[in-house]
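S.K.: Sequence:
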Amino acid sequence: MAAVARWALLLLLGLALLAPAALAADNKNKDKDKDKDKEKSPPPIQSPPPPVVSSPPPPLPSPSPVPVPPSPSSDVVYCKNTTAYPTCTAPATCPKRCKQSCHMDCETCKPICDCNMPGAVCEDPRFIGGDGNTFYFHGRRGRDFCLLSDADLHINAHFIGSHVPGARRDPSWVQAIAVQFSGHRLYVGARRTAAWDDEADRLAIVFDGAPVEVQGVANARWEAPSSPLSVTRTKAANGVVVELARVFKITANAVPITEEDSRVHNYGLRDGDCLAHLDLAFRFYSLTDDVHGVLGQTYRSSYVNRLDVSARMPVMGGERDFAASGLFATDCPVARFAHGRGVDALAVASDELAGVKCSTGLHGVGVVCKK
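Going by mature numbering (1 follows the signal peptide of the UniProt record, and there is no 0), the letters in the sequence shown line up with residues -24 to -1, 1 to 347, in that order.
In case anyone wonders, no lab produced these hints; they're calculated from the structure. Small disclaimer: the values here were computed from a predicted structure and weren't measured. Backbone N, C-alpha and C define an ideal beta-carbon position, used for all residues, glycine too. Among these hints, one or two may not hold up.
[What the hints assert, rightly or not] Once the Cα atoms are required to be at most 27 Å apart in a straight line, the calculated DSSO-like pairs of lysine-lysine come out as:
id, residue 1, residue 2
1, K72, K56
2, K225, K86
3, K75, K56
4, K75, K225
5, K225, K56
6, K75, K86
7, K86, K72
8, K225, K72
9, K56, K86
[Unchecked claim] Derived CB-CB ranges, DEER-like:
id, residue 1, residue 2, range
10, N195, R73, 20 to 28 Å
11, P201, R239, 40 to 48 Å
12, Q191, V140, 36 to 44 Å
13, Q191, D107, 35 to 43 Å
14, T65, A176, 27 to 35 Å
15, S286, G118, 28 to 36 Å
16, A170, N57, 17 to 25 Å
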C-alpha cells in the first residue's frame, strides 16, 4: 500500500515537470503555424494616403486700366514746348466760343482763343489791333483790301460775304490772304465748301506759284527750299502756323459758318456754300514805324485810336484807303511795300484759289485766276 502511494506520488511529480515543457512546445508549434500562415497569405493592401488638398493661390490683383488717349479732335490742344514747360503736358479742350481756333498757352497752361489776342482777324471781320483795341472792318464781299503794308512786307485779304435782303450791310469774312516778302509770294485760303467736315482739309496754300503739300497729321512740317519759311499743321486738317523766321508768324484756321451762326446773326447762309473762311492771328517781329494798312497802322508808335472803344461794334471806315485792285496788288493808297513795283505778274493754280476773283495790280504783281 505504501509502495503504491509512493509510485502515485512520483507519477504526479513527473507530470508536473513535463507540463511546462509540453506547453512550451505547443506554443512553439503554434508560432510555427502562424509563420507558415503568414508566408501563405498575401501581404495586406494598404489604403492610399488621403490626397493633399492645397489651398488655392490668392487671386492676382486686377491690372490697372491702361489709359486710352483721347481720339484726335480739332478742339484739343497741347503745349508745343514741354522742354521749357515740363509741367504742362496734359491736353486741354478749346473754349466753346473758339472750338476750332485756340492754342495752349504753355506759361499759364491754359487754352487761349486765337481770336482774343492782339493781331487777330476773325469772324465778321473783328480785328484786335497791335494796341490791343478791338474794332470791325467790314470791307466788301468780292473785294481785296490791304491788311498790312511795310517796306519789306505786304499782306492783302480777300473778302467774301452773303447778301441779306433788307440788311443795312452785307456780312463779310476774310477768305484768303496774300503775303509778299523778299521777292516771294504766299497764298493761304479756305476753299469753297458746300458741307463742312472737320476731318476734311479745306486749306489751300501756294508758295511762289506751287501748291504746298503738308502731310495731314498734327505737327507735320513743310519748309521752303528758297526761304526761311515754314508751314506747320496745328491739327490734322484746317489749321496751320506759317512762320517766316524773324519776320512774322501767322496762325490760320479754316472755319465754316454754321446754321446756328446764320440763324443767330442773320447771315443768310444758303445751301451749297457754308462760307468757309479764315480765322487769323498775326504776330510780327520786325515792323518799321511807317507800317500801314487796316491792321498794320495799329502797330505804329504814333497811332491814335479815334474809334469809340465803348461802342458795341466800333467800326473802322476808310475802305478807299485800303482797297487794292487784286489779291496780290500793292496799289492801295496806303501801300508802303517797295518790292512790288515793276515785277511781272504771277500765275497761281486756279483750283488753289477757289472762290477768289483776282486781277493784275496797277503798279505791281497780281494773280491770274479763273474759276
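S.K.: Are the hints correct? Go through all of them and say.
M.R.: Hints versus structure:
Of the supplied pair hints, the one linking K72 and K56 holds, its CA atoms being roughly 21 Å apart against a limit of 27 Å. Of the supplied pair hints, the one linking K225 and K86 holds, its CA atoms being roughly 20 Å apart against a limit of 27 Å. Distance restraint check for K75 and K56: the Cα-Cα separation of roughly 18 Å lies within the 27 Å cut-off, and the hinted pair is therefore satisfied. Restraint check for K75 and K225: satisfied, since their Cα atoms lie roughly 21 Å apart, inside the 27 Å limit.
Taking the CA atoms of K225 and K56, the gap is near 15 Å; set against the 27 Å cutoff, the hint holds. A threshold of 27 Å between alpha carbons decides the hint, and for K75 with K86 the separation of about 14 Å falls inside it, so the pair holds. Proposed proximity of K86 and K72 is supported: the alpha carbons are some 14 Å apart, at most 27 Å. For the hint pairing K225 with K72, the CA-to-CA distance comes to about 25 Å; that is within 27 Å, so the pair holds.
Between K56 and K86 the CA atoms are separated by roughly 12 Å; this keeps the pair inside 27 Å, and the hint holds. For N195 and R73, the Cβ-Cβ distance of about 25 Å falls inside the hinted range of 20 to 28 Å, so the restraint holds. A hinted range of 40 to 48 Å for the beta carbons of P201 and R239 is consistent with their spacing of about 47 Å. Taking the beta carbon of each, Q191 and V140 are about 40 Å apart, inside 36 to 44 Å as hinted.
Here the CB-CB span from Q191 to D107 is close to 38 Å, well matched to the stated 35 to 43 Å. Taking the beta carbon of each, T65 and A176 are about 30 Å apart, inside 27 to 35 Å as hinted. Taken as a hint, the range 28 to 36 Å holds for the pair S286 and G118, whose Cβ atoms sit roughly 32 Å apart. Restraint check, A170 to N57: a C-beta distance of roughly 38 Å breaks the suggested window 17 to 25 Å.
The structure fails hint 16 only (numbered hints given earlier).
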